[in-house]
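Novice: As you go down the protein sequences, you meet chains A and B in turn. Under my numbering, think of the first position of the first sequence as 1, with each following residue one higher. Under my numbering, think of the first position of the second sequence as 1, with each following residue one higher.
In case anyone wonders, no lab produced these hints; they're calculated from the structure. As the structure is a prediction and not an experimental result, all values here were calculated from the model. All C-beta atoms in this analysis are idealised placements derived from N, C-alpha and C, irrespective of residue type, glycine included. A hint or two may mislead.
What the hints assert, rightly or not - For the chain B half of the interface with chain A, some residues (derived, Cβ under 10 Å), not all of them:
{"no.": "1", "residue": "60"}
{"no.": "2", "residue": "62"}
{"no.": "3", "residue": "71"}
{"no.": "4", "residue": "248"}
The primary structure of each chain is shown beneath.
Number of protein chains: 2
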Amino acid sequence: MKYLGVLCVTLLALQAKSAQAACGYESCHETKSNMVNIHLVPHSHDDVGWLKTVDQYFYGHKNNIQHAGVQYIIDTVIAELIKNPDRRFIQVETSFFSKWWSEQSETAKEIVKKLVNEGRLQFTNGAWSMNDEAAVNYQSVIDQFSLGLKFLDDTFGTCGRPTVGWQIDPFGHSREQASLYAQMGYDGEFFSRMDHNDKGRRMADLALEMVWDASESLDIKLFTGLLYTYYWDTPGFCFDVHCSDDPIIDGNSYDNNVKSRVDDFIAYAAQVAEKFRTNHIMIPMGGDFQYEDAEVNFKNMDKLVKYINERQSSGSKYNIIYSTPACYLHSVHQSVQSYPNKTQDFFPYGSDSNSFWTGYFSSRPTQKRFERDGNHILQVAKELSVFADLNSEEQKEKLNYLRQIMGVMQHHDAITGTEKQAVSNDYDRLLSDGMVGGTNIARDALRKVTPLPTGEFESCLNLNISECAFTKDNADNLAVTLYNPLAHTTKQYVRLPVKNENYQVTDDKGRVVASELVPVSQQIIDLEFRETDTQYELVFKATVDKIANYYVKKVESQSAAQPIKAVKSVSGETREDGETVVQTSTIKLTIDNNSGLLKTVEMNGISENIEQSFGVYRTYDSGAYLFRQYNQGDFVIQDGGVEFTVYEGSQVKEIHQVFNEYVSQVIRLYEDRNTVEFDWQVGPIPREEEFGNEVVIVFSSEIESKGVFYTDANGRELLKREKDKREDFNSELDRQPTAGNYYPITSRIALQDSKKRMAILNDRAQGGSSMKDGQIELMLHRRLVRDDGLGVDEVLNEEKYGQPLIARGKVYLVLNSAEESTSAEREWEKEHHLPLWKFFSKNSGSTSSPAKSVPSFDDFPKSVHLLTLEPFNDGEVLLRVENFMDHTEGNVVSFNIRPLFDYLNGEEIRETTLDGNLPLSDMKRFKFHAEGSGVRGSEPEYYTSAHKPLEVTASQDPADFAVTLKPMQIRTFIVKTK
Amino acid sequence: MKYLGVLCVTLLALQAKSAQAACGYESCHETKSNMVNIHLVPHSHDDVGWLKTVDQYFYGHKNNIQHAGVQYIIDTVIAELIKNPDRRFIQVETSFFSKWWSEQSETAKEIVKKLVNEGRLQFTNGAWSMNDEAAVNYQSVIDQFSLGLKFLDDTFGTCGRPTVGWQIDPFGHSREQASLYAQMGYDGEFFSRMDHNDKGRRMADLALEMVWDASESLDIKLFTGLLYTYYWDTPGFCFDVHCSDDPIIDGNSYDNNVKSRVDDFIAYAAQVAEKFRTNHIMIPMGGDFQYEDAEVNFKNMDKLVKYINERQSSGSKYNIIYSTPACYLHSVHQSVQSYPNKTQDFFPYGSDSNSFWTGYFSSRPTQKRFERDGNHILQVAKELSVFADLNSEEQKEKLNYLRQIMGVMQHHDAITGTEKQAVSNDYDRLLSDGMVGGTNIARDALRKVTPLPTGEFESCLNLNISECAFTKDNADNLAVTLYNPLAHTTKQYVRLPVKNENYQVTDDKGRVVASELVPVSQQIIDLEFRETDTQYELVFKATVDKIANYYVKKVESQSAAQPIKAVKSVSGETREDGETVVQTSTIKLTIDNNSGLLKTVEMNGISENIEQSFGVYRTYDSGAYLFRQYNQGDFVIQDGGVEFTVYEGSQVKEIHQVFNEYVSQVIRLYEDRNTVEFDWQVGPIPREEEFGNEVVIVFSSEIESKGVFYTDANGRELLKREKDKREDFNSELDRQPTAGNYYPITSRIALQDSKKRMAILNDRAQGGSSMKDGQIELMLHRRLVRDDGLGVDEVLNEEKYGQPLIARGKVYLVLNSAEESTSAEREWEKEHHLPLWKFFSKNSGSTSSPAKSVPSFDDFPKSVHLLTLEPFNDGEVLLRVENFMDHTEGNVVSFNIRPLFDYLNGEEIRETTLDGNLPLSDMKRFKFHAEGSGVRGSEPEYYTSAHKPLEVTASQDPADFAVTLKPMQIRTFIVKTK
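Only chain A is shown next, with the shape it has when bound in the complex:
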């Protein structure tokens, strides 16, 4: 009984009959209908890494970089909440909270549970991190919400479940995020960054709050509110220990300032109240890493509340209460107002006319790609964990670790590339650890579900530079196990780094599979940090349902693979007129011999002049966040002088192009693959003393796109963009005509005219635009000379292996008739996002029947994506399926999951909200009225699930297991197993 104090707090806290007995909206303080109700919302914005690493922030380590210690924030907030039941606090980042929770005594946990059960501590947003909305893929957003909400549900039950989104810091807001919130049953979301002109217009029109049509395919609406002044404190009222605003001095002192402080606060509240439609206003009290000494904050807020409300007795019409975003939203909902409609999104974010936050769409390109690799192995590991029924504590821990770091990576200073270099390095380390754990899980599973019970199942994470010691050293006799995370059987070309030898590839059934040896580009070979000397890749086409094994062995015979040869090479000395044609049976490319550039593309029955090259923005004061041109003239697209060599194999055709000392590319065609692959390498980008360089890939066609182009939102729906235009306000682009037209491209950008359509698909998030009709550009890599003054205080000038960063990646071109469905682009997207994962083992020759089988999902309709299949609670599996075609591309589809249910040895299924934690039948969301959407009632209204939630047990008829998905619909099921 050492910690008497704490013990005593608990006992009495538990015994006491408290004023509040309920959580959620019932725990909200009463408001006054005849007054302006000020909802004071104490909160702390705790970045999951930014200037410091996640752990440095948690422990308060390296405070010389930034003073921030989350452990103390939660410690002291809890202590302060105990002191006064009127107080409220919202906890946002579940990654931090769960780490804190793990260090608490049972006694402390009981206290916190009581606070949660009484609505005094309210989880808000609740995801693992506060994710970025530009560079993230929806799959990872869903995952990180599921992870956070599951922790809260497991720990606190429904009282721990957030009902409001709180994306107060991300630098622009996607419609897809709003859609996901709605699908998780959230009542609304709040954020605080919006284009300054948009905000100005909305201030004038009382339109800071709105009803967002969050999908063009689904009928999803979400109440969305912009905070009046970002998310920091009311000016002059930061009571935090790290602030310097005046405290409330109510003692016997010359400095007593109660009157002036109350006057000032009410004046501010009056100003805010003018801009909102109801008699409720929300005033957040917090900021970055505030509340480390929560006593200071709450002591002063208590006084503020006391003295403001005391004025009511002398006629003041201001009522102030401790509140939360949820309680505020509840009050707003009760007020039954109507709100303007919103249909597009909030990109790009211009904080002033010279500051468009569009650089971060592309910053840290290799980190952005690495995150995608993380998701890739995570999905593989999840599915395999289910199939192999992995359930050791170590395996569960490793999977959870990977889930968690992927949650961290979605953070708005992680995948965005807006963190300090040291933090980026830490993310790399964490993610690398997590991925190794993921590959270990996969290995454990593959030993059960493949006929190779002792296989090594090595993963090579550097295949993009053709580096894999395992394949190089064991290609004499190698087993290649390919895992397909997608639902449907896929055919993909597999490339393995090997020595210059003769190899033969056979499939599971011993059949020889055509293969050939393809030279690696000279630019890869020249990479100094590459830890191999292989110069060739063995290429063969694999067909994989979920898992397939291929076997490679060294042979002497003629039938074996042979290196394909260069058929043409053009450099400065051999420059000539004319053109070079490279083609497969479906695609024909023409290269201009003189310039060395791609000139025309012919595919899908369409031919188009597409000149493809690289351009460079020479910028002065761009930064990790901002893409900012100093002079519009400082942009040059290379128009010639490209050296190239053409390699032609039977299955692969490659055009190796060298643009200059730091830009090169392989244009690649595979037989039977209806897309042109551009395998680019950029770096080290040269840097002048005063100017950085930002490199874009450019596709210039003659398609008459008339300023219109399409970009994806987080890899799901496409949004129509119109150059120089904004949905809700007049654009102000004279200072930054390019940066202000940049949008986040996380999977696809396209344009078209009445005849032709060109789509570019990418392999990671990038910024992109169409600055000229028919032209598409994507920013690939940035090397800068200045910090942009937004806090990171470091120049984005990545180095790796002792030299400026070299980035590699791929974009894909699809040219098609404008009349054709874009569904093929969708399929490419899925395959690029979740391609085959390759595992390598020595081929011992001995195989045995797998201990466990792996099901096929080929019976799912083509448009159905196996979005998630993962272990949930013990004895439970989460299944998430998506119709990934939108309303223009696909139709309603139905399919039956009884076979899967049986495979899983299912007992019952419950359908849940998107995150997996709330039974869908329990979902009840606030409904808000859009202006002009018809007569509104006088009573608050609610949404419940639009379809009947699936709730079935093993004893029911198979017909009851039918699942129907409208275009873009996602449904989530928890399968309880026997």
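Using the hints provided, position chain B relative to the given structure of chain A.
Specialist: Here is chain B on its own, set in the frame of chain A:
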């Protein structure tokens, strides 16, 4: 029951059977005899004003100046102490604590009492502020300790009583302070600033701890320890919310640093342990305004303690405990070691060979004087409160307010003049308020104890510039009430600003008193901010036991006062050779007509060539703390060119001298007063862009002092100084030969040879020295151009009334035979410190018998000072008497206090420690052995009172009321009244 949490803490805390049941040394954690015991001492050093005002520090106001909020420090420390009974904290500044206490609920108070009763919160030092030791007078130090300790005693009883002095920040240490500690029953004191050479030598000799012989007259010894590294945290281990050192990270993290942190701490502890004699070391954990977020500090210290002690199981010999200075000292005392002896003091403080902290001895001369005025009215108000038996709440409150602000003024950044200008202004405001309260109290009392029941009893605080609207406007018919705070009847000249009219002065009995009208110096008249046009002062000699009234009226007759006339005037044009003699019946001065300077002084049968002038140090990087010469040549004493005018009256002779545009002086002699008064005025001091000027007054005699001079310690005992010498170490004065020879002069500096002695007495604290044989200098005023980089971050460049500060003051010269006793100097000191206070009323002509009488103290022996007479608890009076002669000047004296006891209507008397709060019979102090002081025992020893404490009741024989005082002895009694 709103604050459930707190309530619950209390109830259980009160009910719980705690491990500790006792306070004081019994509450100390156990140590291990076979290990190095590390006493970890959590503390916060909270300046009672410095960069911010007292209230700004308390409330955490103006944090942009300095982040500091004492209310939060105490709040959070208490919360943290509750959590873990092992934890300890010391509270030092009672001014802050009492303010905090006044805002607490009864519940909170109960909790704190429990913590105090268990020794978890220990008051240390406990005075109202942590007083300076150079510029303070002992009377005010005693007062501010009495005030602080009384608050603690009233609030917590004996468990609240500090036993250890904690003067960790003051810039040098006086022997008198040590003496006062011992007289208050303290067991020892700790501080952290010491001349760097002294410290270096002591480090080498294991002499950082010592036994200080704190008095030459009294047998008083005090254990004194220097902290190993100032009072700030162990390097690298500042866990405070405002620090950035690494926390202890013991979680599952890449950043886990338990091993390295423990290694580092133990390495540091080992280093400390080498320099101390016992197996105990004290490591303070704190610093300026730390613990605002005490959770951070204690959470990490808990871990430090845990992991350091965990090592013992693997052989570590380090044992760490939460401790306090008292517990550390207790362990040291138990160890029965012996320590080197110390007899002098720790002035000046040289932090390096170029940084002597001797500027602050003189910084802000008017503030230093104003503080003396505050003490003056405080003593007057205290005595009068007793005589008039004032006991309304308002009166008690006003008196307490004045006591408190005087406590604040003793702070080591208040009276030192080392605070920011805005803070100095706040001190002025507070002190002015307090003094107005004091004069109000005096007025209330005087209406009872004088025959003027309706008198105004106005005080004029600007008499030093001859400004008093009341006397000017009412001199036609004025009552002047003179209050003598001293014990014995005094004869002093009174000066009143009046118009140029004819006045007659009469005494209480209607007898005409000789008076004359004396012109005010032209420099006073020329002061632009002076709010009067009076040019004359009416001067008369008053004789006052405790109170006397004199009456002034305007008359036409010849017998009235007439302005005295100038008898000689020498200026540039009229310069002549020869000399001018000015003399009274006892003193003869000669002025050199050519230079205009004082040339010889003849008094007490001694004649000496004393040239008196002013000098200027032209300095570059002096600051508020440091007096630092850039070039030794930049010091010039003015040797001529002084204009002077001589005024001769029958009682007063004045030589008005003008040295230059900003230095002037009146040398003044009064009939029957055996001292030469130098009434100086300095300012506005000119300032060059790169150089400031520091003005000294210089007396150059031919006395062969051989480098020896004497300076007082806080107005009590004199210490012998030897130019360029130090008691315990080799001085290092080549860079700053003058600054390094400066000492604080709070009342007196003297030098002598075998025949003659010259003493200079001052009216406020100043720095002074004797840089040449026979020469004495005192620094009067400083105007600087740079900050000295020690934190205040402002140039000492005072302005007042829109121009650089003009300072005025007085020094007094006493020339005597070296064989004569210096007791006369003592008497002058007392009179200069507590002269007559003048109250003015309109003389209505109507008088009545006083309601209360005022006793006479003339029966006390001449050497007995009425040090304190003040209301204590209700129905109690504190009497403090002092034999103010030292062992060379006086003898043991006895006197009887029964008459006073009877006057007070006494019931009983108890004798207490110096501060008034601990019965002397209860005092039991640690006794430590000085090296070479004979055989030391093996058991810890203690001191108790050396004399039998006086404890008498009204029924006892008058003989029992005899009080004996050895030279320099002070005794304190609480008289309980009926």
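Novice: Now tell me if each hint is right for this structure.
Specialist: We went through each hint and held it up to the structure:
Restraint check, residue 60 (chain B) versus chain A: the minimum CB separation of about 5 Å is within 10 Å; hint holds. A distance limit of 10 Å between C-beta atoms decides the matter here; for residue 62 (chain B) the minimum to chain A is near 7 Å, and the interface restraint holds. Using the Cβ-Cβ criterion of 10 Å, the hint placing residue 71 (chain B) at the interface with chain A is satisfied: the shortest such distance is roughly 8 Å. Interface hint at residue 248 (chain B): satisfied, since its Cβ lies 9 Å from the closest Cβ of chain A, which is below the 10 Å cut-off.
Hint compliance for this structure: no hint is broken.
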